[in-house]
Every structure is written in structure tokens, then in C-alpha cells.
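Just so you know, the protein sequences line up as chains A and B, in that order. 227 is the number that my numbering gives to position 227 of the first sequence; each next residue is one higher, with no gaps. 645 is the number that my numbering gives to position 260 of the second sequence; each next residue is one higher, with no gaps.
Keep in mind that the hints are not guaranteed to be accurate.
[What the hints assert, rightly or not] Using C-beta positions, here's what the derived DEER-type ranges look like:
1) E362/A to R803/B: 54 to 62 angstroms
2) G240/A to G394/B: 32 to 40 angstroms
3) E487/B to G240/A: 34 to 42 angstroms
[Unchecked claim] Covered by chain B, according to a simulated footprint, are these stretches of chain A (three or more residues, beta-carbon under 8 angstroms):
4) 199 to 207
5) 239 to 253
6) 304 to 313
7) 337 to 350
Since the hints were derived computationally from the structure, they do not count as laboratory data. Quick reminder that beta carbons are idealized off the backbone N, C-alpha and C, glycines included.
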Amino acid sequence: MLRVVELQSAEASGGEVAAAFATQFLQLMSATVTVVEPPSGSALRARAATLDDAQFEYLHRGKRIEHIDLGQDRGRARLLEVVRDADAVVEGVGGDGLSALGLDLAGLRAANPRLVITSVSPFGSSGPRAGWKSSELVVQAMGGLVAASGRSDGPPTRLAGSQASHVAGVAAAMQTLAAVRGVHANASGAVHLDISIQEVVASHWTREVGRYAYTGQETPRASGRLGLQGFPHTVPSADGWLFLLAIGADWESLAIFLGLLDFVGGDWSDVEYRVEHWEEIRPHFEAAVQQRGRYEWFADAAERGYTFAPIDDALSVLESPQLRSRDFFGRMRLEDGRTVPCPGLPFTFAGRREEWDQPSREAGDDEDAATTAQRGSGHPEADRS
Amino acid sequence: MPQFRPLEGVRILSFEAAASLPAATRALADLGADVVRVAERPGTYNQHLRLFDSTLINKQSIRLDLKEPRSLDLAKQLASVADVVCSNFRPSVMPRLGLDYETLRALKSDLIVLQLSGYGTPGPWQDFPAYGPSVEAAGGMNAKMGTANEPPLRVGGSVFADTLGGRYAALAICGALVQRDATGEGQYIDLSMYETIVSGVGDAVLRAARDGEAPARLGSRDELLAPQGIYPCLGDDEWVAITVATTSEWAALVDLIAAPSLADESYRDVEVRRRDHELIDGEITEWTSSRSKHEAAEALQARGIAAGPVLKSSEVASDEHHRARGFFQYVDHAQPLEGYGRHPHMTVPGRAEGFDRAALSDHNPDGSPAEQVLERWLGLSHQQIEALRAEGAVGELVPVLAADAPKPSWFGGRDAAREPEFARRLGLGERAAE
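In isolation and in its complexed conformation, chain A is listed as follows (with noise of 0.2 angstroms):
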């Protein structure tokens, strides 16, 4: 089982969402995570002793946290005994918090020379920008999506929650193993890693970025506007909004599905034709698709090749028949004693899901029943130790 460290400070750099992240899935891959806290709190306990947003719950659920002043010669002794036994460091810090936390990567390395040190941070460790300060809106408007996210006639818009330090959670988590395997199977030293958030997201619309490289055509912002068909993609159904995604098919077969049979052949056939006409089409268009519900449309659609989907919120996407059925939600359970269900990796092992039922244990209380709350894992390997 691997043993990985996430550093935390106070202060809050761009990087400690994104570091979070890497970890809880390492975590939820059955590695024993530490976090290091300083003994006032990280900036993220800070944050959610104001908000009360769950995403403290969220990113270290099954984590042990142990609270260590690095400003005093012991704390540092004990940070460097953690580090000897790890595989792995992660760290959202930032350079400078590093040295503020009395740290430097040369330290660690000496303490475990086969150690893997991931940094996370806005814009890395290099370059321009590397000292910019940074928020989870600026990293991601400076990765670019957001420039093409939002409705056509309005302003650019961020994507869902903390998006950027998601995805760069995950880049980081993959390249932190990816490097372990590396210090196995190689028997080689230490590896440090710089992972740029900026990067990560701009790599998550590598077609648009492409696209312009090869044609100079800039991509306008996707929502509001009628799409390939000629009709918009997010539309009113009867129980809810429905996404209708039809990406070459035929408009005959489609307006026939859609029940818009006064807009079949002759000229309709041309999608200019139909933009053109659009507000003609549109009342139809709406009636029809408000006639049925959201998952009716979208199996009846599937079954026809069509990708449509229903759109879910963060509530009604837990009614999911899909994500019921392969038992993605966990189980949680919260300070005032409910459970509830929260999401999990989004893949599995063998076809089984991991399981954990506490937010996160502080280091001292009793770790062996802590140990037993966590039952099994979908980790073979978590199953034999």
C-alpha cells in the first residue's frame, strides 16, 4: 500500500484545493494519506469553519491528519520521520510556502532519497507568472475555457466548482504514480514534480487550442446559440431540462423523432434554411420536447444512436438509475450523525467500489478503530493487508 504526504499551510496559495484532490484519489485508490496541517488549521479548514460548503468533508474523507508546527525544531523532526517512510509528498504550497513552512525540497530528499515530491501550483514553479497570485476563477480563466464557456451573448463564465483544481488534482495524481512506478521499477532517485493548474486546464480543450493552430478559427462561447441542427441544445422538457446532442445525424430521422414533421423535406432539409426560419420552427420545437420527460427522451433518443442526456443537478443526478445501480455514491457520515451518499472514483477495480464512511481522523485519537471504520476497499491489495 502506497503512504503519501499532503502538505497544507495557512496560507492559501491557488495549489491546496488541487493538492487535496490528488491525494483523495490516491486515498481512495487505497493509499494511506497523512495530511500535515499546521496546528491553527490549513487555509482550507479555515475556509470551511466560514462556509459550510462540504468540500472539506469531500476532499479528506478517509484521510489522517496530523497537525505538526514546523516552525519548532520537533515539528520538523516529526514532518521528516513521516517523509522517510512515503512514497510520495504532495504539496499545494507553493515555493514560497515551502520555505515559509521552514522546508526545501533538498531536505526531504535527503531524508528519503526515493521520494516522489508533486508540487501543484497556478502557473508552476516557472516562467513570468510563477510568483501571480491566483483563485480558482483566475486559474481557470487563465487556462482558457471559460473564455469559450457561457452563453454567446453574455460574459465568459467559470466552470462548476473548483474545476481547475479538480482536473489538475487528477493530472497530478496520475503523474505522482506515474513517477512512483518510475522509482520502482528503475531503483532511481528522488523525483520532483511542477504542476502548473494553467497547463492542466488549457489541456482540456486541446481541440479548440488545435483547431486554431490549424485553421486560425477561434472558438465562440457554446451556450444560447443553435447548434449543428440549427436548434439550440438545452431545452425545457417535461420534468426538467433536456441536453439534445444529434452530432451527424440526419435531419429527417431527427425531426420525425422529434415529432416536427411539418419541417421535414424541401427546403428544410438545409440547416441554414432552418436557422434562418428558426423562430418558425421554435414553437413546435419546444412543445414537442416538452411533452415528454428528460430520462424518456434520452433512452428513447439512445436507442436511436442519438447522444441526448438529462440534465441533473447536483441534487436530482443522486436519483441517477445508472449511478444507483453500479453503486457509485459512498456512504458519509456527517457530525450530527445522518449518512449520506457521496461520490466516488469514477472507476473501478475488478467491478468493485471502494468504501468509507468518516470524513477524515485526526492523528492520536484511536487510529486502530479509525482503521476499522474504513471497511474494505476496492483495492485488492488494501483487501490483503
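Add chain B to chain A, keeping to what the hints say.
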């Protein structure tokens, strides 16, 4: 400096289509894995998209008609010497071809097999077709974007969920490799692109489960920090993103934009700033509107305030910070593509200290990839390979971009403008003679 290749020696056989799994294997190839892609039939995926997506780089392709027994045999031989076999064909396809997990595992007991699909298998939606934007909609992304009064919004990039699914697939594969190296055991991995989106908004889902309602939609604002937003700047569709996180940053902002109406002491309290967000936005807009987005961001950063220009798809590759970090590298083509001999492409994000970023190969590597693959993986001689070709077991690769490839003029919207200066801006050099 050497390149960072921690996955050197790992062989990956990929039955891949569309954009998701190709993104996974591209990332793994950049980290040193030997990736062989079983090419689809010509015409099944728009070749321009393959080009823009950069997903052929650093891989070799082999064309096998899997309905032909001899080709299928060859696929099995390749699988028997691979570390990883992965597919994002529809979940029913690999079993139908006789390439199900049990069969593959019988070929090599410690094989790692991954199936990536839109919604995951098994499950009632396992056979439903999906593109990235559909699973973004279903997974809760769209409903959380924008403000309370507007319809759900869409992510701007068309491969957001595909890239995310690909990255999670790469993460799962790396995890399985570490595990296999420790235990000697292979693995079967099932990945749902839909679930990657739900995980990405997982804190909101947990909160909804706790509170019985979905969290409010705040547009580009933050629930705690204020002001935060995206503000218009000089020029057409030019914007700057700003977050004020502390009281001292607020004081610096008020000083910088010299707005007397914001000087009131009560604004030191973030709750008051959240209450008056509209008014504050108006004052900030007044200041940003007369400056370029770069000028505004630099002035704000100089005062210690988090701010950055909203970069467009046209600006990412030429961004000076990316350039300084070597994030983009030029790929030199054996033959000009779309009129130019080279184009910038992203490397895998992140770098390892003391190592160079991965070098990027052309989309169509020199020589005969099929021959190289069969020789390298199976030790076949030139004569044996020629015999396989003669009996049709191995097909000829089609060029990445055939001269008559249909142009996706519709792509990204039917009305995308074409910028005349892009080649100069990106340093593509002289346009090749037609």
C-alpha cells in the same frame, strides 16, 4: 537533459475511437509508454478533429480489420505481449470480437485491461451512446454553471469530459501498474466518463445530499470571497478575472481603481461586499473598461490582487508564460498539413525537475509503423511481415489528413470566424506551395 519517461518499457495496446481514450494513451505515451493504437476504419472519425486533438502524437498505429480472423489473431498476439489493453469502443464490441477480459487474461495472466465508456458498464445505460458534452450535461456540470435565472450553460471546450475521462483512465492504469509491480497481478478497470463529471462536482452533490437542495448557482462569483468576477476590458470580447480574497486586498483594490463610493469603512466586511456586489462590480467595470486585459491584470497583480486575462483559444499557444515553460512544442510534419510544415502542440501538462518535456513526434511518423510494431513487439522478420501484408492481415495506414478529408466548417459553431494573422502569430513559417 534527458526526458522524463517513468513509464518506459510499458506496452499499451489501445483500441481507441473518438477523443477520450486517445487522450489517456497520449498522456501515457508522453510519460514514456510504448503505445500502439489499433486504427479505426478510414472515415469513422473526422480526421481534422484527430489532428486538432493531438492524440496521434507519440504513438504508433497499426491497421487491423478485426472482423478478419487473421487480423484478430494478430491483435491477440500483440495483447499477449502487452502490459495494458484498453478500449473505448462500445462496451459490447470487445466481447463480440472475442477480446473480452477473460480471453485476454488467458493470453497473459497479469494483463491490465481497461474499458472506458460514456456511462460505465454494467448499468441500465451501459449501451447508451455518449459524447463528452452529453455526459457533462447528465453529470451535473451544466446545471451548476451560470446564475439562478438562466438556463444551464455548457463548458466551452468540446473535449472537456473526454480529456477528463482520459486522464482518469491514465490514473487508473498507473495505479494498476504500481499494484501489478508489487503483487504480480493484473486488473480489470471499468471507467465511466459520466461518473468523472459527477466526481468533479462531488462536493456539491455531497452538500445537496446533506441539505436536501442543490447549491445556489453563482455565475462567476464566489460564495465567500467578494468581489469576484469577470469584467470587460478594452477591445472586442476581452475580459479580466479578478478575486479579492482579503481585507488588505480590498483596500488595495479601492486605492487602485480610485472609487470614492467604495471607500466606506463598512466595506472592509466581506458580508457587506457580498451584499453590494452589483454596485462594486459597476465600479470595477468602470476601471477595467478603459484598459486592456493584460494591463488590468498586471496592475492588479502589482497590488497583490489575484487577477488574470481570460485567454481565448487563439491566445493559449502564444502565451508568453507557456512559452517560457516549454508547454507547447512545435511538431514538424513530414508533409505540410493545412499548408504549414509545423504546428505547436501541447506536451503533457507538468514537468519533472532536471528533465526535458517529452519530445513530440509527427502525427504520421516516418517509415512503416506497422512494421516497426510487429518487429519490436513480436520479433517478426521483414519476410514474415510481408507475408502478413500479402494475406491482408495488416492493412495500410491512411494518412492522418487525406487531401479530400471533409472540412469540419461546422465545428465549434457554424459561424466561427477565421483570423488571417494566425500563422504569423503562432510562428508557423511560410505557407507551403499548394
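(message) Please list, smallest to largest, the hint numbers that this structure does not respect.
(response) 2
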